[in-house]
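**Student:** Can you make the complete structure from the sequences, with help from the hints?
In order, the protein sequences belong to chains A and B. The working numbering puts the first residue of the first sequence at 61, with every later residue one more than the last. The working numbering puts the first residue of the second sequence at 171, with every later residue one more than the last.
Note that these hints are calculated values from the structure, not bench results. We put the CB at the ideal spot given by N, CA and C, even for glycine. Some clues are possibly wrong.
[Unchecked claim] Far from chain A, by Cβ distances over 12 angstroms, these chain B residues were calculated:
| id | residue |
| --- | --- |
| 1 | 172 |
| 2 | 183 |
| 3 | 255 |
| 4 | 268 |
| 5 | 443 |
| 6 | 477 |
[As the list claims (entries may be wrong)] Which stretches of chain B does chain A cover? Using the computed rule of at least three CB atoms under 8 angstroms from a CB of chain A, they are:
| id | region |
| --- | --- |
| 7 | 292 to 301 |
| 8 | 304 to 311 |
| 9 | 401 to 412 |
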Amino acid sequence: MNFKVIHFIIAAVSLLFSANAFAAAPIKIGALFAVTGPAAFLGEPERNSAKMVIDEINKAGGVKGRKLELVVYDTAGDATKAVQLATKLIKDDKVVAIIGPSTTGETMAVIPVAEKEQIPLISCSAGSKITDPVKKWVFKTAQNDALAVGRIYEFLQKTKQTNVSILTVSDGFGASGREQLKNQAAKYGITIVSDDTYGPKDTDMTAQLTKIRGTHAQAIICWGTNPGPAVVAKNVRQLGIKTPLFMSHGVSSKKFIELAGEAAEGVRLPSGKVLVCDLLPNSESQKKSLMLFVKDYQKHYKAEGDHFGGHAWDAVMLLRNAIEQGADTPVAIRDQLEKTKNFCGIGGTFTYSPQDHAGLGKDAFVLVEIKNKDWVVVK
Amino acid sequence: MKKDLLLFTGFSTLVMLAPQLFSGGYLMNVLVFVGINTMLAIALNLLLGYAGQISLGHAGFFGLGAYLSGILTTTYSLNPWVAMPTAAIVVGFLAGIIGFPILKLKGHYLAMATLGLGIIIFIVFNETVELTGGPSGLSGIPNLKLAGISFDSDVKNYYLIWGFTLAVMLFSLNLSNSRIGRALRAVHDSEVAAQVLGVNARLLKVQIFALSAVISSLAGSLYAHTMTFVSPASFGFNFSIELLTMVVIGGLGSIYGSFLGAALLTLLPEFLRGANDYDIIIYGGLLMVMVMYMPGGLVRGIPALFRKIVVKGKAGNA
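**Tutor:** Spelled out as structure tokens, the structure:
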């Protein structure tokens, strides 16, 4: 009985593949996203966005008459799987470029494969060390943590709140944020008066916050992704702490406001411009891309597009632009990508060069405040 | 005895010829992982299947081997061939020390203690950022080199890993047929009876625990040098459970069963990938069916199934 089912599946799958082989040769693009597992909040919008934009491109007739085909695999956030699947994309699916993976750890694991097999990799994760030092075949679309930290510190310096407490999550995102928070403090004249961490699955941070309450901090910076920061925001309320609370771009989606409820009011955080795109002036160069992305995402998935999905959108569009310039081999695509200038995407305005494969400037972030369950730009 | 040797020779020949059958491509990469997982499953099987002592923390020993090898070769630029045995010795020694108090426990309590051990090791990987690179991992680990050949491709790694795996298999087969193997099975059945017959059960349990950790560490080192990257997520609690599943699905107390379990659990997700989002459901369903209808594991279930079909076929013909 089971054998029959398996045979049926195998037959169906092989039929699917052979049908594809007979169609006019599309350009194959690979994608690795953590659609399941702890990083699913990144992988799911990324996969959705990538699929959506590829659909839209194909509906409009493809690129230079050729359709794009997206091969997506789920890495479940596991570096071992990411490496295996990258090999599969390159060897079996013969893709010309790979988008993803979603997390810094997976990306670092996949980089040696991409470099050795000479396939362009456009990572959707934020860690600074992905493109620092520059690797020939590796690009990224997510904003560096360094930029987000810079945005917060700039504001604190301006408002003379120079004693800060930091509270970071003990995962890749938090570790990278903590490193940047500590490294850049001196540059902005900031003193870190306490440095604490919490676990990704912790449900109560009152212990750390009680300690922070005892310091003379003028601002608390929490670095993490949902749901931890929502708990921090609630705990801050419960303990009656009046110190202003700052979050990272890791929670810049409506989900955070939903989770934290009332406690989210007054929280400030750096965010990609996608959250506040309708508030931006028309002169803003990114506005066209942002409005298009948000509209398409709403149409396809009945949900609000966030900047995580934006990373994948940017990656696909960067590839599309390169292919439009006539590049259809991995080598040509890589060379074209490096020549990208002033591409207005979701994450910011990208300009790649042989010395810079991250491509974004400080203007990629705006500082927003949560007011009446919505975002307001802090001037 | 002769039959065993014949079986092993046949198996090794098959393993060595496999690259010719599945030339190149992604499958080679998966088969490398089948080799690593086979080693790990054998390590756990020696402990669980033979000595009857459960461990839910074996991913920790696997990770320790990988990280020690990684750190020694990157931060301290040691030769990988020196780093590998160093890691194995350190892990074995550590397991020996921890084994003495832990293996006094029985049943659920032993499971909990080893579970805790695995989680502690995982937390150490995550939190000691200066040493391990923290959650975003440790990169730039060198490939192994031997007589001018660098093991940097899937096919080369296949021979390297399977060379080690076959050695571990041969060693474990011999061990299970020796006096020690019989003593282990005696401890499994009844510790008191074994002690009455003059087996130092406590020492034996610690020794097999340490041996199991050493094999896991070796697999970890090989993993680190083939992947050239390690991150804590690969050595979490989930992987300990996956190893346990390999051993149980393959067949407790059988070395070839460990291979079957490791091969099935590594290859199955690859074959199911075509089913898109439903793969996890099919995967879980298949595992349930196998445990229900093959309680002795694949190594006993497949021949039984085969006999059933043959007998039925004969009955049908008559």
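**Student:** All the hints need checking, so say for each whether the structure fits it.
**Tutor:** Okay, the hints, checked on the actual structure:
no.: 1; hint: 172; verdict: holds, 34 angstroms
no.: 2; hint: 183; verdict: holds, 26 angstroms
no.: 3; hint: 255; verdict: holds, 24 angstroms
no.: 4; hint: 268; verdict: holds, 23 angstroms
no.: 5; hint: 443; verdict: violated, 7 angstroms
no.: 6; hint: 477; verdict: holds, 17 angstroms
no.: 7; hint: 292 to 301; verdict: holds (count 3)
no.: 8; hint: 304 to 311; verdict: holds (count 5)
no.: 9; hint: 401 to 412; verdict: holds (count 3)
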